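What follows is each chain in one-letter form.
2 protein chains.
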Amino acid sequence: MSQAASGAAPLVPVLAVVGVGLIGGSFAAALRKQGAVGRILGVGRQRASVMEARKLGLIDEIATLEQAAAEADLIMLSAPVGATRPLLEGLLPFLRADTLITDAGSTKADVVKAAHAALGDRVGQFIPGHPVAGAEKAGPEAADPMLYRGRKVVLTPLPQNRAADRERLQRIWEACGAQVMVMEPEVHDKVLASVSHVPHFLSSVFMWQVATAADSDLRMALAASGFRDFTRISAGSAEVWRDIFLSNRAAVLSELREVKEALARAEQALEHADGPALEKFLERAATARRLWGSRSGM
Amino acid sequence: MSQAASGAAPLVPVLAVVGVGLIGGSFAAALRKQGAVGRILGVGRQRASVMEARKLGLIDEIATLEQAAAEADLIMLSAPVGATRPLLEGLLPFLRADTLITDAGSTKADVVKAAHAALGDRVGQFIPGHPVAGAEKAGPEAADPMLYRGRKVVLTPLPQNRAADRERLQRIWEACGAQVMVMEPEVHDKVLASVSHVPHFLSSVFMWQVATAADSDLRMALAASGFRDFTRISAGSAEVWRDIFLSNRAAVLSELREVKEALARAEQALEHADGPALEKFLERAATARRLWGSRSGM
Chain P
1 MSQAASGAAP LVPVLAVVGV GLIGGSFAAA LRKQGAVGRI LGVGRQRASV
51 MEARKLGLID EIATLEQAAA EADLIMLSAP VGATRPLLEG LLPFLRADTL
101 ITDAGSTKAD VVKAAHAALG DRVGQFIPGH PVAGAEKAGP EAADPMLYRG
151 RKVVLTPLPQ NRAADRERLQ RIWEACGAQV MVMEPEVHDK VLASVSHVPH
201 FLSSVFMWQV ATAADSDLRM ALAASGFRDF TRISAGSAEV WRDIFLSNRA
251 AVLSELREVK EALARAEQAL EHADGPALEK FLERAATARR LWGSRSGM
Chain U
1 MSQAASGAAP LVPVLAVVGV GLIGGSFAAA LRKQGAVGRI LGVGRQRASV
51 MEARKLGLID EIATLEQAAA EADLIMLSAP VGATRPLLEG LLPFLRADTL
101 ITDAGSTKAD VVKAAHAALG DRVGQFIPGH PVAGAEKAGP EAADPMLYRG
151 RKVVLTPLPQ NRAADRERLQ RIWEACGAQV MVMEPEVHDK VLASVSHVPH
201 FLSSVFMWQV ATAADSDLRM ALAASGFRDF TRISAGSAEV WRDIFLSNRA
251 AVLSELREVK EALARAEQAL EHADGPALEK FLERAATARR LWGSRSGM
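The listed protein sequences correspond, in order, to chains P and U. Just so you know, we're using the UniProt record's numbering here: the first sequence kicks off at 1 and counts up by one. Just so you know, we're using the UniProt record's numbering here: the second sequence kicks off at 1 and counts up by one.
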């Protein structure tokens, strides 16, 4: 039985979502579906986008940052990470003392810095988070109440956060069907640099190289399903990913160095036509990928 | 109306498939479905695999190389490219003068060399080919008569081939639903190095690097759908891909150098925290990928 049906107060009486795209919209939709939310305010840069979100029933009202700060019990920031500091600064003057803010940014150390800079001694009201859910699609029309079902959500709480708030946020994400993991922001950023940011960087570099080659038309004509999957992520929003790379610059550069070392070794085996070494490296990768696929169900 | 139903002789009275996995099995199944083939012989290294192919109805009889050479009108080699020369050498002593041989190997210059070495002055009976179809799955049970529908097949004919044979092979592939492109082996190899072999190499290097990291378990736990797609091809057969890389070594190494140059430029933009340069490069890649996706329907 959902909480609403039980008559108890919902987990989140008033939710404000800042940036009602796939991530924020799906968060709102998941909580609504669980009866875990009362009223939902939507704040957005683009009028058309929040209008669409209201039309789709993802949000109840279009609001300003000021209204969100004054009325919401929970504020979810789901805008590009580069916007975190100005958004928090916009919220601060109107922020109720018992309002909890969280975010969905793909990097965390930078977001923590932005939160300290913007909120000062009220930084305890902000708990950084990152739902690790694929974002192949974008926009409010892609929002899906099941998006977080079975997905990981990383929280990187601050020492200033209240334990009760941390537990509440964890329950909220669990209501969305997610599995919460808690870690240090730097650990999160290093791991995400590896399994998310570096693949995007390499996929984009490769796609750029093919697209700018003199014979790119012929190349594209003979590109098949391997190309399709390897390059899919490169179609993502340039603005969002620029922000992610800048925000996690050191960790991404460091991981890229590791990948380049591995690449140099594999290239050397190829240069020397060393079949056994090549096969060993390919077999190690293939085995790991197959194991991951069967364990993750992806 | 299929050819069989029309009462005319089928396009291929006797077909022999050497290596009855996804590629060879799908070729046999497609021609059978079109009524374009009479009898189908299957030759395989692994007894269990050809037995399975017969059970599935992909082939009518299990045969030896000698039988295939003596009985078939068309022989399709769909084994790893490294096996091309020994297979052709095995066929030669028994090969009828009017038998046409083709292959499905992912590289062509090396296959042409192997054909000259193995067949000598009978090399005109061999027309190199490559159906550019994704091979996510493997084995006879994955064979699909629709696999080549709408896909590209590259033929790299030799000066020694008879025009009538070239035309016949083109009609055979078209009967499978494929679109035939004709080009020089070196052009094929350069283009495939770019859009197929390099992505596989990079995907495998990346997967290897993640799998061998000290914290690989945590990385794998936070890997999501971007990781899934970027690494999918790395799960492919290490043996098959070792052969492809060795067989197309120079072109792959050359393309890797181009990709590394592009990578160095993108890294430099990131190192300098040059947002506009980063966004421009990401936008160019994203636009090209979206255009390819909408044009190719993939």
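Be aware that a few hints might be false.
When chains are identical, the list treats them as one kind, so a pair holds in a single copy or across two.
[Unchecked claim] Taking lysine to aspartate or glutamate and the DMTMM-like style, the derived pairs with C-alpha atoms no more than 20 Å apart in a straight line are:
id, residue 1, residue 2
1, K33, D217
2, K280, E267
3, K33, E239
4, K280, D165
5, K260, D60
6, K33, D60
7, K33, E61
8, K280, E141
9, K260, D215
10, K113, E261
11, K260, E271
12, K260, D165
13, K152, D215
14, K113, E167
15, K280, E239
16, K137, D98
These aren't lab readings, by the way, just hints derived from the structure by calculation. In this text, all values refer to a predicted model and were calculated from it rather than measured experimentally.
Verification of the hints:
Taking CA atoms no more than 20 Å apart as the test, K33 paired with D217 passes in neither setting, with 47 Å inside one copy and 33 Å between copies. Taking identical chains as interchangeable, the C-alpha atoms of K280 and E267 lie at most 20 Å apart only when both belong to the same chain, with a minimum of 13 Å there against 29 Å between chains. In this assembly of identical chains, K33 and E239 lie within 20 Å of each other by CA distance neither inside one copy nor across copies; the values are 31 Å within and 49 Å between. For a Cα distance limit of 20 Å, the shortest separation of K280 from D165 qualifies neither inside one copy, at 49 Å, nor across copies, at 40 Å.
Proximity of K260 to D60 under the C-alpha cut-off of 20 Å is found in neither arrangement, the shortest distances being 49 Å within a copy and 49 Å between copies. With identical chains, the CA atoms of K33 and D60 are at most 20 Å apart within one copy only, with a shortest distance of 14 Å there and 56 Å across copies. When the C-alpha separation of K33 and E61 is checked against a cutoff of 20 Å, the pair qualifies only within one copy, where the shortest distance is 17 Å, while the shortest distance between copies is 58 Å. For the homomeric pair K280 and E141, neither the shortest alpha-carbon distance inside one copy (45 Å) nor that between copies (27 Å) is at most 20 Å.
In the homo-oligomer, the alpha carbons of K260 and D215 lie at most 20 Å apart only across protomers (18 Å), although the nearest pairing inside one protomer, at 26 Å, exceeds that limit. For the homomeric pair K113 and E261, neither the shortest alpha-carbon distance inside one copy (31 Å) nor that between copies (33 Å) is at most 20 Å. Proximity of K260 to E271 under the C-alpha cut-off of 20 Å is found in both arrangements, the shortest distances being 16 Å within a copy and 15 Å between copies. Proximity of K260 and D165 under a CA criterion of 20 Å is satisfied in neither setting, with 42 Å inside one chain copy and 47 Å between copies.
In the homo-oligomer, the alpha carbons of K152 and D215 lie at most 20 Å apart only across protomers (17 Å), although the nearest pairing inside one protomer, at 42 Å, exceeds that limit. Taking the shortest alpha-carbon separations for K113 and E167, neither the intra-copy value of 23 Å nor the inter-copy value of 67 Å comes in at or below 20 Å. For the homomeric pair K280 and E239, the shortest alpha-carbon distance between copies (9 Å) is at most 20 Å, but the shortest distance inside one copy (39 Å) is not. Proximity of K137 to D98 under the C-alpha cut-off of 20 Å is found in neither arrangement, the shortest distances being 34 Å within a copy and 54 Å between copies.
Checked against the numbered hints given earlier, this structure breaks hints 1, 3, 4, 5, 8, 10, 12, 14, 16; the rest are met.
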